[in-house]
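Protein chains: 2
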Amino acid sequence: MSTRQNLSIHLAERPNPYIVPGQTFSQRTTPAPTASDLKPDQVLVENLYLSLDPAMRGWLNDRRSYVPPVQIGEVMRGGSVARVLASTSPQFKEGDLVTTFGNVWTEVLVLPAAQATPVRLPANARVTDAMGVLGMTGLTAYFGMLEIGQPKKGETVVVSGAAGATGSVAAQIAKIYGARVVGIAGKDDKVKWLTEELGLDVALNYNDPDFKEKFKQATPDYVDVFWDNVGGEQLELALGRANKFARFVECGMISQYNSAEAVGPRNIMNVVSQRVRLQGFIVFDFIERYDEGRKQLAQWLSEGKLQRKETIIKGGLKAAEEGLLQLFKGQNTGKMLVEIKNLEEGAKL
Amino acid sequence: MSTRQNLSIHLAERPNPYIVPGQTFSQRTTPAPTASDLKPDQVLVENLYLSLDPAMRGWLNDRRSYVPPVQIGEVMRGGSVARVLASTSPQFKEGDLVTTFGNVWTEVLVLPAAQATPVRLPANARVTDAMGVLGMTGLTAYFGMLEIGQPKKGETVVVSGAAGATGSVAAQIAKIYGARVVGIAGKDDKVKWLTEELGLDVALNYNDPDFKEKFKQATPDYVDVFWDNVGGEQLELALGRANKFARFVECGMISQYNSAEAVGPRNIMNVVSQRVRLQGFIVFDFIERYDEGRKQLAQWLSEGKLQRKETIIKGGLKAAEEGLLQLFKGQNTGKMLVEIKNLEEGAKL
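So the protein lines, in turn, are chains X and F. Under UniProt numbering, the first residue of the first sequence is numbered 1, with each subsequent residue one higher. Under UniProt numbering, the first residue of the second sequence is numbered 1, with each subsequent residue one higher.
Just so you know, the hints here were simulated from the structure itself, not pulled from any lab data. Possibly wrong hints are sitting among the right ones.
Going by beta-carbon spacing under 10 angstroms, a handful of chain F positions derived as facing chain X [unchecked claim]:
(1) Lys244
(2) Phe248
(3) Cys251
(4) Gly252
(5) Tyr257
(6) Glu261
(7) Val263
(8) Ile268
(9) Ser273
(10) Arg277
(11) Asp285
A short list of chain F residues far from chain X (calculated; beta carbon distances all over 10 angstroms) [stated by the list, open to error]:
(12) Pro220
(13) Arg294
(14) Glu322
(15) Lys341
For glycine and all other residues, C-beta sits at the position ideal for the given N, C-alpha and C.
All chains, full assembly: derive it from the sequences and hints.
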């Protein structure tokens with residue numbers, strides 16, 4: 001039996017400000033670890049799908065944040081769905097599906113069993129949902145919308161990045177809670193998906209030359225909850241339309257991540273006059289409640305109350321760098337993933 | 001008996017952006033109302049002291065806010081301490097001291113009894129405290145610091161505009177709750193007052209060329225609570241030093257009120273990464289709890305736990321316009337008031 005080769009992707013240099021494939025990262029091939037490398041309570045896994053998330057850009061900056069930055073030379077950090085190849089833990093056996101999070105941009109890796117989470121899917125779910133609507137993405141939407149946004153029946157909820165993985169779930173949760181939901185996206189096909197399939201009340205394309213005017217028309221009773229995935233101009237626009245006691249769920253600001261010059265909302269004074277609560281959060285803050293969140297999301301999914309879409313980058317791990325670029329260009333609708341190994345192909349091995 | 005003349009100050013035009021005495025306002029003299037003008041349940045009062053507050057600048061803009069703007073031609077809005085000259089309300093009698101709020105920039109006026117609040121002072125209080133530490137100013141500090149700031153023992157609380165009427169009370173409340181308090185002001189004598197008399201742990205002058213570096217040194221454990229009276233550069237600096245789960249009490253942004261070009265904090269992304277809660281409020285939101293607040297503030301005052309200072313503009317109501325300019329130049333330490341009629345002089349009438 002020949003030694004299996006193992007590709008891994010490492011941070012080579014910090015982007016300044018743009019990620020440049022082949023320069024920001026380096027690809028290395030080494031012999032893959034095997035079952036004989038396992039110490040007690042470990043699992044050997046092969047990755048099936050990598051999650052691509054806007055937050056990844058922040059992890060590349062050497063700056064105080066909610067997690068330490070990825071170090072130069074380290075394997076890139078992210079989440080994945082993986083399959084257990086071998087286990088020395090009583091909790092896992094060969095063939096089990098797990099999710100992982102850490103320095104996992106590699107094909108085959110050894111993990112402490114505690115860092116693998118069993119994948120449990122409701123009847124009509126796909127394995128990739130474990131990364132999306134039932135994974136970090138869905139949990140982010142769940143805790144952010146319910147704990148910080150707190151939408152009430154009849155309120156106006158505006159979701160930026162509404163066709164993205166998190167935004168699309170957040171918008172649907174607001175609908176479940178009876179809010180009138182306005183989604184914002186950057187392409188006409190996304191806008192169409194938001195109203196026709198997700199059932200949002202209004203969807204706007206921020207590239208529309210009349211976007212600002214349409215935003216105003218779409219919020220005649222002002223904005224009670226703003227889900228911020230974007231920052232910049234859209235945040236400023238939403239602050240200008242904030243209702244009194246509005247909640248701004250600060251999930252991310254993708255418009256700012258690759259900017260050499262960040263911009264702040266010039267009308268931040270509206271926070272005072274409208275008594276806005278503008279609050280940031282990270283899904284990790286709710287780790288003690290993940291089970292509750294997953295259970296509710298799985299129920300909504302099985303009841304058909306949550307729709308989701310995926311954009312899957314093919315070409316294996318080596319295509320992941322390019323996938324990140326696509327993500328920051330907004331090429332995805334719904335969850336963006338890199339397929340490292342197709343599950344069906346895997347099943348035939 | 002000659003007819004008493006009554007000066008009143010009216011909004012003549014909206015400032016753009018600066019208040020210009022003699023142009024922004026017009027002064028009119030008409031016969032004063034008398035006891036014979038009273039309908040049932042009204043009081044005739046003469047103003048003793050007018051309150052000058054940064055919020056007044058916002059009331060002059062024709063823009064959606066927490067209260068409608070002062071209309072062109074209307075008597076200027078504000079708060080005052082006044083003395084009852086005559087009453088048709090069983091709740092008030094001649095000589096009673098009351099506070100008022102509304103279009104009160106006039107010497108003598110008729111008010112519905114419901115719009116006059118009796119002044120009740122603890123033993124060692126001054127009548128002007130009814131506008132300051134025991135009035136709107138103190139209540140703003142009380143509810144903002146305790147409900148939004150929620151300082152805990154040992155946390156770092158930074159107060160901008162710390163030598164102002166609200167900031168100085170907010171900073172002292174944070175001390176009462178056991179926080180380490182850093183105050184920011186714009187003059188050396190204010191900075192001295194903050195440490196030597198109010199007992200703050202550190203006080204910084206934002207005009208110091210090394211201010212940014214000193215701010216950093218003064219917040220080695222980062223900032224848990226930021227009391228924002230100023231906005232602009234100081235808000236940005238505080239966001240740069242925000243601790244995780246920091247609370248930003250958005251009371252006002254005086255640096256922005258007269259600016260042609262408002263600026264937003266470029267590092268607003270820190271709200272996400274540090275999970276900051278940046279929350280605006282208006283003291284009126286807590287009107288149901290004013291009695292609770294006044295009682296606690298009066299107790300702290302009588303126990304010597306709250307120090308306060310006043311800057312009193314002399315020259316009567318006609319000097320009020322100039323007083324506003326002084327306020328926006330930061331000429332006050334503590335509460336700024338316009339003396340319309342000295343209480344002792346009044347007592348001799």
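Hints and how they fare:
1. Look at Lys244 of chain F: its Cβ gets to within about 7 angstroms of chain X, closer than 10 angstroms, so that hint holds up.
2. Given the 10 angstroms rule on beta carbons, the hint for Phe248 of chain F holds: about 9 angstroms separates it from the nearest Cβ of chain X.
3. Evaluation of the Cys251 of chain F hint against chain X yields a held restraint, the C-beta minimum of about 7 angstroms falling below 10 angstroms.
4. The beta carbon of Gly252 of chain F is positioned within 10 angstroms of a beta carbon in chain X (closest approach about 6 angstroms), and the interface hint is therefore held.
5. Given the 10 angstroms rule on beta carbons, the hint for Tyr257 of chain F holds: about 8 angstroms separates it from the nearest Cβ of chain X.
6. Using the Cβ-Cβ criterion of 10 angstroms, the hint placing Glu261 of chain F at the interface with chain X is satisfied: the shortest such distance is roughly 8 angstroms.
7. Taking 10 angstroms as the C-beta cut-off, the interface hint given for Val263 of chain F holds, the closest approach to chain X being about 6 angstroms.
8. The criterion of a C-beta within 10 angstroms of any C-beta in chain X is met by Ile268 of chain F, whose closest approach is roughly 5 angstroms, and the hint holds.
9. For Ser273 of chain F, the shortest C-beta to C-beta distance to chain X is roughly 4 angstroms, which falls under 10 angstroms, so the interface hint holds.
10. Taken as an interface hint, Arg277 of chain F checks out: its beta carbon lies about 4 angstroms from the nearest beta carbon of chain X, inside 10 angstroms.
11. Because the closest C-beta pair between Asp285 of chain F and chain X is about 6 angstroms apart, less than 10 angstroms, the hint holds.
12. Against chain X, the non-interface label of Pro220 of chain F holds: every CB pair exceeds 10 angstroms, the least being about 13 angstroms.
13. The Cβ of Arg294 of chain F sits about 22 angstroms from the closest Cβ of chain X, beyond the 10 angstroms cut-off, so the non-interface label holds.
14. Interface exclusion of Glu322 of chain F from chain X stands, the closest Cβ pair being 25 angstroms apart, more than 10 angstroms.
15. Even its closest Cβ contact with chain X, about 33 angstroms, leaves Lys341 of chain F beyond 10 angstroms, as expected for a residue assigned away from the interface.
Hint compliance for this structure: every hint is met.
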